[in-house]
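Peer 1: Each chain, written out:
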Amino acid sequence: MDRLTIAIPKGSLYRDAAKRLRAAGIDVPTDVGRRLTVVTSDGTTLLFVRPADVPAYVEFGAADCGIVGKDVLWETDRNVAELADLGFGYCRLVVAGRRIDRYHEGAPLPTFLRVATKFSHSAETFFAERDLPVELIPLHGSVELAPLAGLADLIVDLVATGTTLREHDLVVVEEIAASTARFVVNPVRFRAKYDALIALLDRLASVPA
Amino acid sequence: MRLPAGVRDWLPHELARKREIEQQMRAVFGRWAYEEVQSPIVERFDVLERGLGEEATELLFQFNDRRSTALALRPEMTTPIARLVSTRMREAPLPLRLAYVAPVFRYYEQPQEGRMRELTQAGTELIGAAGIDADAESLFMAIEALAEIGLRDARFDINDARIVDGVLDGVGIGGDEARSAKHLIKARNLVALRQLDCPPLTEFALRRGGHEAIAAVRAICRTAPSLEALDALDSVLDRAAALGYGDRVAVDFALLRDLEYYTGFQFEGYVEEIGFSLCGGGRYDTLLPKFGYDVPAVGWTAGVERLLIALERRGKHVQRRRHRVDVLVAGSDVVAARERAAGNVVRFAAAEHSDEALVEEARAHGIPRIVIANNGAIRELRVGARAEKTPPIPRTPSNWDAR
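Residue numbers (our numbering), protein chains in the order written: chain A, 1 to 209; chain B, 1 to 403.
Take these hints with a grain of salt, some might be off.
Unchecked claim - From chain A, some residues computed to sit far from chain B (all C-beta separations above 12 Å):
id, residue
1, ASN79
2, PRO133
3, LYS193
To be verified - 16 Å max Cα-Cα, derived EDC-like pairs, lysine to aspartate or glutamate:
id, chain 1, residue 1, chain 2, residue 2
4, B, LYS182, A, ASP2
5, B, LYS18, B, GLU305
6, B, LYS186, A, ASP53
7, B, LYS182, B, ASP165
8, A, LYS118, A, ASP42
9, B, LYS18, B, GLU118
Please keep in mind that the hints were generated in silico from the structure rather than gathered at the bench.
Quick reminder that beta carbons are idealized off the backbone N, C-alpha and C, glycines included.
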């Protein structure tokens, strides 16, 4: 059977992704360390990449398949086939604001609305679908600071438990969508390595979430 | 001085390689008795919209002429050829076999590899022929063409647009739900498909293989057109096997090219190491009737740049080979003319150059021989080869401090 190359996200999804792949019979190390790539005993090549980079590796065929959060798929909008919802890595993409602004209780939004986010593409899509004119301010980290410091009226961010929002007296104004980890494949490579990818899909899907 | 996004220059050695591939494709088209046609790069917007449908017009480079007639650059060749045939070639005996090797233009927001805004397509259209013989002809010509350029192991997946309709009918999904289900199958979004809670449909969207895959799908198909399409795929597989392509052709039921365009048989060709398809095509029986000419048609096209990428990744690199020059001639038109008449490629040098300068020029261009005419005397010099070194990235002046 064809040997596979799998893109695995480093960071918060890694532990569950590795556990799931091990249950599917692929010898994924518990700790990546500083390695970029590993070839397992059965000849599978593992690529350890930043979560946001998984879709690019798969779309261009540098990896045959990968594991990635749905939130990253929204944001990168790359052409990959989503074969399975792996269930772990649950989080929500939300619009949030300061509690005292009471947007969550229906207070009118400013006419010139400023939205800070690390997820520009998703935020743009969400507000465009509602014909709401917004000034998007792309940031790279600690988006919670933006409304507190007066940089933005709202933020679009990922929320797992909600602790971070609560700590900064921010509240969810609207939930955009919920995300979990997905098993994705390159559509053309799915044909080229059909048997191997179907076998992996079956093994990943047969493990309870 | 910079280029717009998504387009590129072709330097002599790069263009030589591209032309070589284009000529190989043309040779295959010719062997299958296809004649090349050419249409303008610019079409009227309404013509392209009529052929491609409203959705596809988002991909157009669009502009107005001075009388405000909406124009656009052609994004593919099938619609221009459909227009050409239905306006100019109605009297021509059918079926028509037409080929093209031509640049097309697409307004991709974010151009990337294999998705450039200007690309070259090489393909054929078989117009006025319905049925499996015409479908198979397109497929087998595509297989031959990719083999001709050196991709002898290219694989081809085939399908028929009528099958998914038969399956959706068979599992009781219709209307808008069927439309969205088709898009999900095309994208192979199994996560969203599973929400329809219809296991046979999920299995269908993952199904790929040979006769056994066709048999499995036959069990959930109801409509006559879809059953006919399954028979046709069985037959194409048999014919492919007889040609020795048995292990390179498979059925992929989620292979759905442009849903508005293709009405029946369709296929895509690819190689294992490249993540996008290299060529594809299918039957589009409703296109020519949109131009008032009620004939069926089937065609296919390959992206020449994608073929080049595939060959380059295989180490069949674009050769940094210069145009062959046989002789450098200085000081005499007559000597140069005589050399050309003898079939040699002649580079003409200025008469006032010293021998050293001429040798330098010959070396720089890999020219083995110099002929110098001076006051009636003719001398010949032999020049040894020298490895040439040019920087891989052009040394264009720039000042990053001032950026």
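Peer 1: Mind checking the alpha carbons of LYS182/B and ASP165/B for me, to see if they're no more than 16 Å apart?
Peer 2: holds, 8 Å
Peer 1: Should the label of LYS193/A as a non-interface residue stand, given a Cβ cut-off of 12 Å to chain B?
Peer 2: violated, 7 Å
Peer 1: When you look at the beta carbon of PRO133/A, is every beta carbon of chain B farther off than 12 Å?
Peer 2: holds, 20 Å
Peer 1: Under the criterion that the straight-line Cα-Cα distance not exceed 16 Å, is the pair LYS18/B, GLU305/B satisfied?
Peer 2: holds, 8 Å
Peer 1: Tell me if the straight-line CA distance from LYS18/B to GLU118/B falls inside 16 Å.
Peer 2: holds, 14 Å
Peer 1: For the pair supplied as a hint, LYS118/A and ASP42/A, confirm whether the alpha-carbon distance does not exceed 16 Å.
Peer 2: Roughly 38 Å separates the two Cα atoms, so the pair is violated.
Peer 1: Can the restraint linking LYS186/B and ASP53/A be considered satisfied, given a maximum Cα separation of 16 Å?
Peer 2: This hinted pair is violated, its Cα atoms lying about 24 Å apart.
Peer 1: Taking the minimum C-beta separation from ASN79/A to chain B, is that value above 12 Å?
Peer 2: Per Cβ check, ASN79/A is inside 12 Å of chain B; nearest 8 Å; violated.
Peer 1: Please verify whether LYS182/B and ASP2/A have alpha carbons no more than 16 Å apart.
Peer 2: violated, 29 Å
Hint violations for this structure: numbers 1, 3, 4, 6 and 8, all remaining hints satisfied.
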